[in-house]
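> One letter stands for each residue in the lines below.
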Amino acid sequence: MAAKPIQGEKRVFMTGNEVIAWAALAAQVDVMYGYPITPQNEIMHYWTRLAPKHDKTFLQTEDELSAGFTTVGGVLAGRKCFTATAGPGNTLMQEPFSMAEMMRIPVVAVIQQRGGPSTATVIYSQQEVTLTTFGGNGEGHRIVYSPSNHQELFDYTIKSFNTAWKYRFPTFLLGDGYQAKMREPLVMYDPEERGIELVKPEVTLGNGMEKGKYNHVRNTFNTEEELYEIVTSMEEEYQRVAPEIIEHQEYNCEGELDVLVIAHGVVSRAAQAAINLFSAEGKAVGHFRPITLRPFPTNELRATAQRAKKILIVESAVGQLGKLVKEALFGLPIDADYLYRPGVGITSDEIVEKVNSIRK
Amino acid sequence: MSVEEKSLPPKLPKSYRLESKPHKFCPGCGHGSVLRAIAESIDELGIQDKVVYGCDIGCSLLSWDFFNVDSVQAHHGRTTPVITGIKRANPEVIGIAYMGDGGGYAIGSQHLVNAANRNEKITVFLVNNANYGMTGGQMAPTTLPSQKTETSPYGRDVELTGQPFLGPEMVAAITSEGAYVARGTVSNYIQMKKYVKKALENQMAGKGFSFVEILAGCPTNWRTDAKSTWSYIENDMANYFKVGEYKVPAKEE
Ligand SMILES: Cc1ncc(C[n+]2csc(CCOP(=O)(O)OP(=O)(O)O)c2C)c(N)n1
Ligand code: SF4
Numbered sequence: 021m022a023a024k025p026i027q028g029e030k031r032v033f034m035t036g037n038e039v040i041a042w043a044a045l046a047a048q049v050d051v052m053y054g055y056p057i058t059p060q061n062e063i064m065h066y067w068t069r070l071a072p073k074h075d076k077t078f079l080q081t082e083d084e085l086s087a088g089f090t091t092v093g094g095v096l097a098g099r100k101c102f103t104a105t106a107g108p109g110n111t112l113m114q115e116p117f118s119m120a121e122m123m124r125i126p127v128v129a130v131i132q133q134r135g136g137p138s139t140a141t142v143i144y145s146q147q148e149v150t151l152t153t154f155g156g157n158g159e160g161h162r163i164v165y166s167p168s169n170h171q172e173l174f175d176y177t178i179k180s181f182n183t184a185w186k187y188r189f190p191t192f193l194l195g196d197g198y199q200a201k202m203r204e205p206l207v208m209y210d211p212e213e214r215g216i217e218l219v220k221p222e223v224t225l226g227n228g229m230e231k232g233k234y235n236h237v238r239n240t241f242n243t244e245e246e247l248y249e250i251v252t253s254m255e256e257e258y259q260r261v262a263p264e265i266i267e268h269q270e271y272n273c274e275g276e277l278d279v280l281v282i283a284h285g286v287v288s289r290a291a292q293a294a295i296n297l298f299s300a301e302g303k304a305v306g307h308f309r310p311i312t313l314r315p316f317p318t319n320e321l322r323a324t325a326q327r328a329k330k331i332l333i334v335e336s337a338v339g340q341l342g343k344l345v346k347e348a349l350f351g352l353p354i355d356a357d358y359l360y361r362p363g364v365g366i367t368s369d370e371i372v373e374k375v376n377s378i379r380k
Numbered sequence: 007m008s009v010e011e012k013s014l015p016p017k018l019p020k021s022y023r024l025e026s027k028p029h030k031f032c033p034g035c036g037h038g039s040v041l042r043a044i045a046e047s048i049d050e051l052g053i054q055d056k057v058v059y060g061c062d063i064g065c066s067l068l069s070w071d072f073f074n075v076d077s078v079q080a081h082h083g084r085t086t087p088v089i090t091g092i093k094r095a096n097p098e099v100i101g102i103a104y105m106g107d108g109g110g111y112a113i114g115s116q117h118l119v120n121a122a123n124r125n126e127k128i129t130v131f132l133v134n135n136a137n138y139g140m141t142g143g144q145m146a147p148t149t150l151p152s153q154k155t156e157t158s159p160y161g162r163d164v165e166l167t168g169q170p171f172l173g174p175e176m177v178a179a180i181t182s183e184g185a186y187v188a189r190g191t192v193s194n195y196i197q198m199k200k201y202v203k204k205a206l207e208n209q210m211a212g213k214g215f216s217f218v219e220i221l222a223g224c225p226t227n228w229r230t231d232a233k234s235t236w237s238y239i240e241n242d243m244a245n246y247f248k249v250g251e252y253k254v255p256a257k258e259e
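As given, the protein sequences belong to chains P and F, one line each in that order. Position one of the first sequence corresponds to residue 21 (this note's numbering), numbered consecutively onward. Position one of the second sequence corresponds to residue 7 (this note's numbering), numbered consecutively onward.
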């Protein structure tokens, strides 16, 4: 076997896309299928440079439909495969993702959000939350991680493959162009040296009778009732495992709060900087960050939000996180406000200003 | 020979999955013959445990459990990339993508073009029945000039909709060395089966993309009886779509 790509711990300074390529290697991924779109291109650029040195492969397909479906095929063949895309590519990939969802195929996709729907504003937004969490023509039985810094890009890329193969729901790493393109320090490591067991892929198709039976994978059903049975049991399974998957982070959320700021991804970093200023002044302002956007940390948020006089939803989109939060808090008498800045970044100063304007 | 022996049904291919027989295609449908040719070829080549069979949306999906081989039913037009992904991830498998003319020449045409151009080491079988069978007989890229369909009720007007799609001709033109390309017809089973088998052998030899289009009847949507179904395939279709081998890899010295 080839030497491990990363030995020991390695402190590095790199772009987010480079981090993801390295993390995929560390997670012992075999194949990447992809189609160029900004801001995820460099994942492919780094992967294609690293891959041959580690016996890994790559195919640049003719479009995202193909990239998604070849990824589905690769996973069925029993290899750890992934793809990466953004914006209109994410739209096209919803078709293969729907198939993966229905057939419980553990594909992993990195989504580096960009402004949409548009061209030219190719770097940043948080506008692919709805599409990534609930896209496709099924029920959205998926897992979506929203990392906020480069260390997490590394950690959660590795985790995405484990989660996907353990639970067999398509798993997404939802980044954005800022995370993709900026450079930041982090520690890379070999997961197994840290005691993280890498979930082994399984062969679904391609070793015929060795499995003891032939597999027929399908999403064609004879009756609506048959579909109903399958989707219902999938929903039950999803709800059963959700508590094991759900992750969130609380920042200065002890006791009664004047304002609870809710944000995800890169915007959390602005939120945390803002909270630091308030706590220096002894003010009760906390931050809640869903790390999994799907399944959503509903119970955790409800518990914390009830201790707050007011909640503030902050995101670089018009209420896509907002929808998830409102659904989670449904029925609670909570006073909510928002700072929605579609397609642009959000600074800690803007959050401070907004919090001050609503703090009683 | 006893009467019982004489009246026994013909021997079914070993790679048939008996639980899903009799099959679900309409009487007189061309899909059945093509699938039989595939099954016999799998048996003769001894590759049952290596085949990964992918079918498309359209009537081809009725074959999702047709064979005792590993199978996957993909979306409309997307079987080619699914099988490509499998083959690339595990070159040991013999990947078969099975689809209709809609799946191959309309919605999935970019996948066909690019897989052919990359000379992917997979085998594609495309059943050309000159219409969209499953959705109720609409016009297909292969519908003949002045042929009536549900979306060309006055007959296909080639001025408005273009000429019928010549698949094997195109695939032969864009594939490189090692590709195998042919067009067969269910009205000549022996020849069609030969093409089907050669397309699989070509993949086994690792030479290149293998593509066979097969002319087939859709009596349900054509609203034809046995005789006129046959005549439509043998005369009208075969007149436009020339049957034969379009590309055969050079023999090794
Ligand atoms: C994305 C998408 N668009 C449309 C359809 C509806 N659809 C199902 S089968 C079919 C036509 C199938 O025709 P063809 O591929 O020629 O196969 P046949 O049924 O004739 O064998 C269509 C349009 C679909 N399933 N998916
Ligand atoms: S509709 Fe046409 S193609 Fe489909 S099964 Fe019936 S005859 Fe065959």
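If you're looking for bench data, these hints aren't it; they were derived computationally from the structure. Just to be clear, a hint being listed does not mean it is correct.
Stated by the list, open to error - A short, non-exhaustive set of chain F residues, derived as facing chain P with CB atoms under 8 Å: (1) P19; (2) Y22; (3) L51; (4) G52; (5) V58; (6) V75; (7) D76; (8) V78; (9) Q79; (10) G91; (11) S115; (12) T230; (13) A232; (14) S234.
To be verified - Computed list of lysine-lysine pairs in DSS-like fashion (alpha-carbon distance at most 30 Å, straight line): (15) K73/P - K56/F; (16) K231/P - K56/F; (17) K30/F - K231/P.
Beta carbons are placed, not taken as given, at the ideal position from N, Cα and C, and that holds for glycine.
> Any CB of chain P closer than 8 Å to the CB of D76/F?
Holds: closest Cβ of chain P sits about 4 Å from D76/F, inside 8 Å.
> Is the hint on P19/F kept, meaning its closest Cβ partner in chain P is under 8 Å away?
violated, 14 Å
> If you take the shortest Cβ to Cβ gap from Q79/F to chain P, is it below 8 Å?
holds, 4 Å
> Holds or violated: the hint that A232/F contacts chain P, with Cβ atoms closer than 8 Å.
Violated, about 28 Å.
> Take the shortest C-beta to C-beta distance between V58/F and chain P; is it under 8 Å?
The hint holds - V58/F has a Cβ within 8 Å of chain P, the shortest such distance being about 5 Å.
> Hey, does the S234/F contact hint survive, CB to chain P under 8 Å?
violated, 31 Å
> Hold the hint about V78/F up to the distance rule: shortest CB distance to chain P must be less than 8 Å.
holds, 4 Å
> Using 8 Å as the Cβ threshold, decide whether G52/F counts as touching chain P.
violated, 11 Å
> Does K56/F lie within 30 Å of K231/P when you go C-alpha to C-alpha?
holds, 12 Å
> Quick check on the hint: T230/F CB to chain P CB, less than 8 Å?
Since chain P brings no Cβ nearer than about 27 Å to T230/F, farther than 8 Å, the hint is violated.
> Given Y22/F as an interface hint, is its Cβ closer than 8 Å to any Cβ of chain P?
violated, 12 Å
> Verify the interface restraint on L51/F: the C-beta must sit less than 8 Å from at least one C-beta of chain P.
Hint on L51/F: violated, closest Cβ of chain P at ~13 Å, above 8 Å.
The structure does not agree with the numbered hints 1, 2, 3, 4, 11, 12, 13 and 14 stated previously, though it agrees with the rest.
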